[in-house]
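A.B. asks: Residues in the sequence shown are numbered from 1 upward in steps of one, following UniProt numbering.
Just so you know, the hints here were simulated from the structure itself, not pulled from any lab data.
25 Å max Cα-Cα, derived SDA-like pairs, lysine to any residue:
no.	residue 1	residue 2
1	98	85
2	46	73
3	98	80
4	93	103
5	46	123
6	93	1
7	37	69
8	93	45
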Amino acid sequence: MQRLVTFADSIAVTWEFTFDLDPNRPGNYSDEARHIKILDGMTYIKTICSFAHELGHAVLRHVESIFPHVNERQERAADEWAAHFLIDVEEYKLAEAKYGSRTDWIAQELGVLERLVIAFEGTLDRLGDVVYQGSRMGLGQYVAKFEVA
1 MQRLVTFADS IAVTWEFTFD LDPNRPGNYS DEARHIKILD GMTYIKTICS
51 FAHELGHAVL RHVESIFPHV NERQERAADE WAAHFLIDVE EYKLAEAKYG
101 SRTDWIAQEL GVLERLVIAF EGTLDRLGDV VYQGSRMGLG QYVAKFEVA
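Starting from the given sequences, assemble the full structure and let the hints guide the process.
C.D. replies: Structure (C-alpha cells):
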C-alpha cells in the first residue's frame, strides 16, 4: 500500500477512502481534480488493486467519455497499468510454472485480483517456448523475455 501512496504523491494525485461509492465500482478518479476515491472497508487485495487501477487512470489521464467503447478501452488500459505496477515478472513466472493456466490460483499466489492476472497475461506475447513482455516491431525491442515450458 505504501508504494501506491508514494507513487500517488509523486504524480500529485490526492486520494481518500470513502463509503459513498457503489461496491460494483469501488474506485473513482477525477482527472480535473487529480483525486482518487477508494471504497473503504474492502479486503486488502481489493483495496490495493482498486487503488492501482485508479492510479492507472491518473497516469494515463483518462476522462470519462460519452462513448462506451472508449470507456471500456480505458478500463482495460487501467487494469493493464495496475497489473504491471503490482505484478513482478519473476514472481509471475514462478506462479505460472506452479499453477499453469489457473489464473485464479496465480492471482492468489501474487496477492492480486484475478482480472489483473488476466490483464497482465493479455500484454504478453508468446512465441513457441518464449514469452515477451512489451514487445514491439524490431529485433530486441521488448521489456522482458523469458522461456516457458
